[in-house]
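Hey, can you work out the whole structure from these sequences and the hints?
Listed here are the chains, written in short residue letters.
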Amino acid sequence: MTELLQTLVLGLLLGGVYALAASGLTLIFGVMRVINIAHGAFLIVGAFVTYWLWDSFGIDPLLAIVFTTPIVFAIGWLTYKVVVSPVRTAPMASTVLLTFGLALVLEGAMGEIWGNNSTAVRPSYTDESFTIGGLFLPKAQVYGGLIAVVVLTLLWVLLTKTWLGRAIRAAATNPASAELVGIKVAAVAALVFGIGIAAAGAGGAITAVLYPFVPGSHYAWIARLLAIVVLGGLGSLNGAVLGALLFGLAETMTSAYVSPAWATAVPYAIVFAVLLLRPQGILGMRLREDAVPA
Amino acid sequence: MSVPKPIWVGRALVLAAAVLLLVFPQVSDDLYYQNMIILSLVFAIGASGLSIISGFAGYISLGQGAFIGLGGYTIGVLATRMPETSVWVWVPVAGVVAAVVALVLGFVSLRSRGPAFVIITVAFLFLVQVIAVNWVSLTNGTAGLTLPLPQWDFEIGNQPFYYVLLGLLALQLLMTWWIRRTKLGMGLIAIREDETKAATIGISLPTHKIIAFMASAIFVGMAGAVYGYYLTFIDPRGMFSILLSVQLILSMLIGGKATLWGPVLGAFLIEWLNETANNDWGGGNTRLFLFGGLLVAVVIFLPQGILPAVESGLAWLRTRGKAGLVGARIGTGGSLASLTDRVQLVDRSTIPDRAVLEVKGLHKAFGGVKAVDDASFAVPEGSITGLIGPNGSGKTTIFNLIDDTIRADAGEIWLDGKRIDGLAPWERAHRGLGRTFQITRLFREMTVLENVVAVQRRFSVAQLGKVAVSGAEAKAAEELLEFVGMRAFRDQKARALSYGQQKLVELAQILMLDPKVILLDEPAGGINPVLIDRMGEMIRELNSYGKTFLIVEHNMPFVLGLCDPVHVLARGRTMASGTPDEIQRDPAVIDAYLGEDFELDYRDEHKVGQ
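Protein sequences, first through last, are from chains A and B.
Taking numbering that gives the first Met the number 0, the leading residue of the first sequence gets 0, the next gets one more, and so forth.
Taking numbering that gives the first Met the number 0, the leading residue of the second sequence gets 0, the next gets one more, and so forth.
None of these hints come from the bench; they were simulated from the model.
Please note that the accuracy of each hint is not assured.
Unchecked claim - Computed spacing ranges between beta-carbons, pair by pair:
#	chain 1	residue 1	chain 2	residue 2	range
1	B	Val95	A	Gly132	56 to 62 Å
2	B	Phe365	A	Arg168	29 to 35 Å
3	B	Trp151	A	Ala219	39 to 45 Å
4	B	Asp490	A	Arg277	40 to 46 Å
5	B	Thr79	A	Asp126	44 to 50 Å
6	B	Asp513	A	Ala219	39 to 45 Å
What the hints assert, rightly or not - Partner residues aside, some chain B positions facing chain A, computed with beta carbon under 8 Å:
#	residue
7	Gly291
8	Leu294
9	Val309
10	Leu313
What the hints assert, rightly or not - Part of the chain A face toward chain B, derived, beta carbon under 7 Å:
#	residue
11	Leu96
12	Leu97
13	Gly107
14	Glu111
15	Ala260
16	Tyr267
17	Val270
18	Phe271
Computed from a predicted structure; not experimentally measured.
Every residue gets a Cβ at the ideal spot worked out from N, C-alpha and C, and that includes glycine.
Printed below as a string of structure tokens:
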């Protein structure tokens with residue numbers, strides 16, 4: 000019973016981190032209809048930036064989020080301006096290829112800068128745990144999960160309670176009309192891309208403390224993130240959170256009770272099954288691709 | 000300055016390249032280049048196969064590399080189990096295995112399109128890789144498989160691999176070339192251009208896609224087998240690397256997708272870059288930079304690829320300064336009977352008095368909006384029936400329900416005495432239903448002639464193999480284009496036509512279906528008065544050959560002058576039916592649609608009843 004409860008709590012904490020990492024992917028899709036395959040790579044960029052801050056300046060990796068997030072935001076904003084904005088109106092399949100190419104470039108760049116060896120961020124509390132009522136909870140996971148929830152809440156407030164959030168939603172619903180009422184859609188899009196990427200970077204900062212990583216880890220991450228947003232419904236922030244919690248639970252359950260060798264197949268199987276059986280996911284809208292541009 | 004016809008320059012270049020490839024191993028023993036050519040051949044086959052589904056049918060796949068891996072694993076697994084059998088025997092088997100697995104992707108493509116499909120293909124590739132890693136008893140897991148070494152003379156070297164791959168490439172190209180010329184290929188391109196529309200002109204989507212996916216994998220699986228044999232060692236990491244797929248897709252995009260030679264050119268270019276990056280630029284990360292950067296650059300700067308870019312450049316040189324067809328007059332056409340012996344006048348008294356098309360209790364709701372709410376009406380055989388009603392009354396939605404562009408929530412649709420509301424759009428087309436769209440939906444990247452020959456009157460596998468672009472099919476299409484007055488435009492891309500011209504071509508297109516019932520959605524909308532008259536003439540003439548029409552139109556003089564009976568739709572249901580005279584006297588219709596002053600104006604203009 001305790002073991003199950005522990006698995007549940009750890010699964011939910013992990014789900015919080017996943018939710019943060021996936022929120023940007025679903026936000027970018029919702030606003031600009033771009034499936035950012037490079038999202039996992041940006042997450043690993045966040046992890047490496049965290050490593051750099053911790054290793055070179057001795058900043059606590061979880062507190063370093065304060066620095067990591069703006070740095071990754073800048074990288075995302077710049078990336079949008081340089082490569083994504085020229086193809087905003089291209090067919091979605093083209094932008095999938097484009098962002099996939101971007102992921103490869105980022106992988107290569109990280110390999111050049113930080114090397115392809117396994118990197119780990121190990122602050123003093125890495126091996127410490129809380130023991131609460133018989134539950135054995137690693138400190139890093141608890142801190143990471145809580146920070147993820149805080150950042151995610153800030154993001155939610157930004158999107159629902161501020162003028163910028165309304166502008167973003169207006170630009171997502173009808174770019175032409177948004178432009179007419181004075182919203183600079185191009186600027187909003189760049190901002191959204193940056194924010195989405197920054198969320199991935201924040202997620203990367205937390206996961207850096209939880210798992211060792213290499214530049215090539217982004218494949219596994221994009222598979223997870225896609226599985227999460229596809230499960231919750233592409234474009235839906237609430238869906239991504241729900242999908243992330245489910246996925247975090249499923250993953251902890253699988254590695255606890257089933258063979259971890261086949262666990263790597265889980266995200267791919269989920270993507271496959273959901274896109275075939277219920278393409279709109281749990282909370283998502285159905286993509287209309289049958290309509291012809293008039 | 001005269002520019003040589005590009006087709007001859009192209010042929011000469013291809014011939015030269017083919018001869019060079021054939022003799023290369025005989026005149027040079029440079030193993031570095033031989034190896035590079037062998038790998039290029041593998042990728043050329045893979046990219047050319049990919050072009051069938053991604054170039055023709057428009058389904059972008061990042062899982063194509065999996066078929067090379069599957070081919071390699073088929074030969075690896077079988078050759079290590081049965082060492083006494085010749086390894087070459089397993090090459091065709093690998094092709095079959097790849098084609099069968101490709102069926103899975105084919106079925107996936109029936110349910111998912113666009114970016115969702117791309118994502119699924121990536122998931123597919125990684126799933127196959129995970130299986131190859133974990134099914135240790137079959138694949139030996141991450142430790143990989145070592146194939147038996149070739150038994151032939153050391154002197155011969157790698158020549159058997161080289162020539163077998165060259166032969167496979169020839170077969171692959173022959174197949175790609177053949178598909179492009181047939182009804183099958185036209186159907187695939189139609190699917191790429193507008194899948195929903197393709198279904199309404201009789202193109203069976205599942206058949207086309209499944210054949211295409213199998214065709215895209217069969218020779219690739221064989222090439223993968225030879226590749227595995229050549230490498231002598233295979234493991235999941237190498238054989239199912241996503242970079243292999245990236246290399247294939249890059250080859251196809253850079254050379255020019257949907258072209259015959261583009262993927263081959265691309266494969267040789269990319270493999271040369273790949274080797275150079277590995278040997279001279281430090282490999283590893285540089286390779287990632289190169290492939291990723293190229294992918295980004297191609298999507299932004301060269302979406303159409305090298306060969307199409309060169310081709311359009313040459314076309315510009317050739318036609319520079321010469322008048323194009325823009326502004327050319329639309330032909331006056333002739334009577335269809337004078338153009339072809341496939342139609343003849345029908346004696347009206349022989350037409351049975353029955354409904355050829357009937358809808359009963361049709362319902363369709365979009366969320367809370369009841370677009371069609373219990374609509375019922377009949378279209379008598381041999382009639383020109385009108386369907387009128389205010390904007391938003393559900394006319395176009397009813398058309399969409401009849402041809403299954405949208406599936407009805409409830410209700411029955413009967414065509415020619417048989418119920419068709421369970422059938423797919425192409426099956427309805429085969430049973431004699433033709434439909435034009437309010438906003439014309441031609442296949443924009445196809446020529447006018449191709450648009451018409453893409454139509455499939457009935458379904459048979461044999462028909463798919465018919466050559467579409469010449470012969471009987473093309474002749475019939477040209478007769479119809481002559482009839483609508485658009486023959487002079489036959490080689491123009493559909494996207495270059497004006498809206499009115501597109502309407503005429505779309506009419507010719509659905510006439511190619513030889514339908515019993517023709518649904519026209521606003522045939523007189525947005526075209527000039529002369530053309531409106533011509534449209535009316537053509538409808539009457541076709542009607543005299545026994546074609547039945549159902550017409551949605553807002554141009555009241557046009558409808559009331561042409562149609563009998565007329566059904567009036569309001570709020571998604573039929574509110575009145577009758578002759579044009581009865582309809583325009585009906586107070587309910589005047590109230591809901593025509594307006595108080597309609598009768599007066601209409602009578603003044605047309606002297607009705609005097």
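Exercise. Check each numbered hint against the structure and report the violated ones by number, ascending.
Key: 2, 6, 9, 10
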